[in-house]
Each structure stands twice: as structure tokens, then as C-alpha cells.
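J.: Each chain, written out:
Protein chains: 2
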Amino acid sequence: MTSDKGLLIVLSGPSGVGKGTVRKAIFDHPDTDFKYSISMTTREKREGEVDGVDYFFKSKEEFEALIEQDKFIEYAQYVGNYYGTPVDYVDQTMASGHDVFLEIEVEGAKQVREKFPEALFIFLAPPDLTQLERRLVNRGTDSPEIIRHRIDEAKRELKLMNLYDYVVINDDVDNARQRVQCIVEASHMKRARVESKLRKMLLEVNQ
Amino acid sequence: MTSDKGLLIVLSGPSGVGKGTVRKAIFDHPDTDFKYSISMTTREKREGEVDGVDYFFKSKEEFEALIEQDKFIEYAQYVGNYYGTPVDYVDQTMASGHDVFLEIEVEGAKQVREKFPEALFIFLAPPDLTQLERRLVNRGTDSPEIIRHRIDEAKRELKLMNLYDYVVINDDVDNARQRVQCIVEASHMKRARVESKLRKMLLEVNQ
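Residue numbers (my numbering), protein chains in the order written: chain A, 582 to 788; chain B, 582 to 788.
Please note: incorrect hints may appear among the correct ones.
All copies of an identical chain are treated as equivalent in the list; a pair is satisfied when it fits inside any one copy or across any two copies.
[What the hints assert, rightly or not] Taking lysine-lysine pairs in the PhoX-like style, the calculated list, with each CA pair at most 25 Å apart, reads:
| id | residue 1 | residue 2 |
| --- | --- | --- |
| 1 | LYS691 | LYS778 |
| 2 | LYS586 | LYS736 |
| 3 | LYS652 | LYS616 |
| 4 | LYS771 | LYS616 |
| 5 | LYS639 | LYS778 |
| 6 | LYS771 | LYS696 |
| 7 | LYS740 | LYS778 |
It is worth saying that the hints were derived from the structure and are not from the lab.
Predicted, not measured: the structure shown is a model, and the values here were computed from it.
Assemble the whole structure, with the sequences as input and the hints as a guide.
T.: The structure is reproduced here in C-alpha cells:
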């Protein structure tokens, strides 16, 4: 039933892990039927960019007015410009029964978690993280500094993933794409979700 | 890390829904790398059946002694014979890091839920259940008795699925097979699972 609410899917992870590439692979794939949430920004529109397609382009004053009105599910400033996810598009798209997909930084994901605790949070992790053991097995080949650095980094990433529901290792873009799609597919089959759909159906039939 | 504990996967659903066919499709598929739990029974071995492959064949006395020792995660009697899932095989296989797959009746699934609350419970549902609405849209074509019967059946199935984590619609054997595999794959990516694996890894590295 399309009247059922869509899922909010949040893909995030440490910077440099390849979030954008995986997101692109997901949206280039024919099996993908969720909507990409268009961000809002105050930065200059670049050659070839289209308002409402690449971004919603706003002035600093407009953006700050929307912050005041609590119209973002997350926002941040980078190099003097605002970037944010407008809540209206997300709400409307989910209400229409479509899944909405956000690819955002970890700081933004924290903000989304507060507003949409029931969203699907997917952490994209670098392959090093799970290959850590293998890479440290021959300790003799690496200096103690390098080993220490890798361990510290792994600990930092472990802390970051704390708020997420799932962890996807980005060892290969197409694998990561397939894993994200599988997580979304499985989430649609969760009993509570199917059950509420069926109950609604039975209620309608009984009328 | 193979030292990590495997998952216990329980596929069940109303009788006649096609559990056995979906299970066969899963185990015939090259991507499947979980172990099928062999049942124990007191019924006669049939031509061509092999002890320890098709079933573990036991006498009634042996079976009842094992019941006394709490050696089944579930068991039941059908037409005078016992059928059950021995706990040792399941425990050992999971401890070795492999996923174990059970395809059992709903009554048995209830017993497993009590002993393995953390297992993955998948309810296989008949396609009628989700097609209910479509099938009842033209009310004029069906008698009130048939409509009432379908609604009652749907309600009964809704009640049954209460204990499950996921619901897979068996509209097509290969679709159902793929959905079950996807649920298992997603479960392996759950943050708590990945996290505990990583923590263990870091502890080992730190020693």
C-alpha cells in the first residue's frame, strides 16, 4: 500500500570513506526506488547546477530565517556557507510512501537521530577497520607508531558508529551499494512494519 | 573473524505456505553459507535415507531420554512419532561461527523463541495475505462468506506472526529465497554485531 509511510535512510561515515561514490552507485542502479533528499545551501550556484535539482540555493538571510523556524533536520557551516537538509521535503516524500535517502556528515547524522529516532542509520566504514587484524598480524613489518596510529583510528571510528543501526564496509563500491539496498529491503520486511500495513488493510476491508 | 558466533535463523509460517520449498531453494543456492540443522526423529528410516544426513534416527526410548535431559530446542509429536531439533548440533555449529538454519512449524518456533530470544525469526506468509485488499476491492464478485473467511484467515495469520522479527511474502520461491538471504545478510551488518567483533579484534591487538 503506497499510503504507508516511507523510510528515512541515513548514510554517513568518516570523511573520505566514499559516501558520495556509494550514494551515486545506489542512485545509478535500476533497483533503487527511493528519493534523494536535495540539500539547501547558501553557496554560489556553479556553472551547470540547477536550483531544486542539485541544491536549493538560498541567501544567507533566507537560510537563517529557516533555521529560526526549525525547518532543517540537520545543518552545518562549511567554509563560510550553510548546508542543510530541509525538513519539508523529507516529511512530504515519506508521507507519500517513498523512502528518502540522506548522505550526510557524521555531525549532521547526530542531529537527524534526535529528530527521527526511527530512521535507518547506516555507517559506511573503511575496509581498513575490519582488515585491521590481518594488517597487524605480522607486527614485525610495521613500526610501533604505525600500529598505535591504526589502533587509535579504529577506536575513534568505533566511537563514531555508536549511534548507527548498521555498519557497511566499503571494500568495493558495488558491494557497498548492494549491502545498503539489502538493509533497506530487510527493513521493509520488519514484522512491525508489515503488521501495521496489514492491520490497516483489514480495517479498511471491515468498513 | 570466524571465532564470532553464528546466527540462528528460524523460518516458519502457516502450514502449506511452502516453507520446505523455500528452504530447498535457499540451500540449492550457491550464495548460501549457513548450515541446515538436521532433525531427530523416531519414525522409521525410509528407503534411501541416511542417518545423520536426512535425520538422526532414534528409538522412542532414546528420544524421551533426551527430552528428559533438555536436549531439544524444540520437539513435537506427529502421527505417533517424535520430531525434534537437537540442541547440541545447533550450539556447536553456532559456536564455530556458522549460521544455523531451522525450518520448523509455528509451534516449534514458539519453543525456540523461549530458548534463543536473540535468534532471527522469519515468518513466511502466503501472498493472499498482502493481496487481500486487491482481492476484495471488487466486493461484488465474491460472496460475503468468502470475504469473511479471508478476513478471518488474515487475522489468524496476523496473530501467528506476532513473535517474528521479519515477514517474507512467498509470492514466488526465488523472490522469497532472495528475501530470506537479504535478511540474514543485513543481520550480519547490525552495528552491535560488527562492533563486538571489532572490539574483540582491538583487544587481541592490544595484548
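J.: Next, verify each hint and record whether it holds.
T.: Cross-check of the supplied hints:
For a Cα distance limit of 25 Å, the shortest separation of LYS691 from LYS778 across copies, 24 Å, qualifies, whereas the shortest one inside one copy, 29 Å, does not. Only between protomers do LYS586 and LYS736 lie at most 25 Å apart by alpha-carbon distance; the minimum there is 22 Å, versus 36 Å within a single protomer. Within a single copy, LYS652 and LYS616 get their C-alpha atoms as close as 19 Å, which meets the 25 Å cut-off; across copies the closest is 50 Å, which misses it. In this assembly of identical chains, the alpha carbons of LYS771 and LYS616 lie at most 25 Å apart whether taken from the same copy (21 Å) or from different copies (24 Å).
Taking identical chains as interchangeable, the C-alpha atoms of LYS639 and LYS778 are never at most 25 Å apart, the minima being 39 Å within one chain and 45 Å between chains. Both within a single protomer and between protomers do LYS771 and LYS696 lie at most 25 Å apart by alpha-carbon distance, with minima of 22 Å and 22 Å respectively. For the homomeric pair LYS740 and LYS778, the shortest alpha-carbon distance between copies (14 Å) is at most 25 Å, but the shortest distance inside one copy (36 Å) is not.
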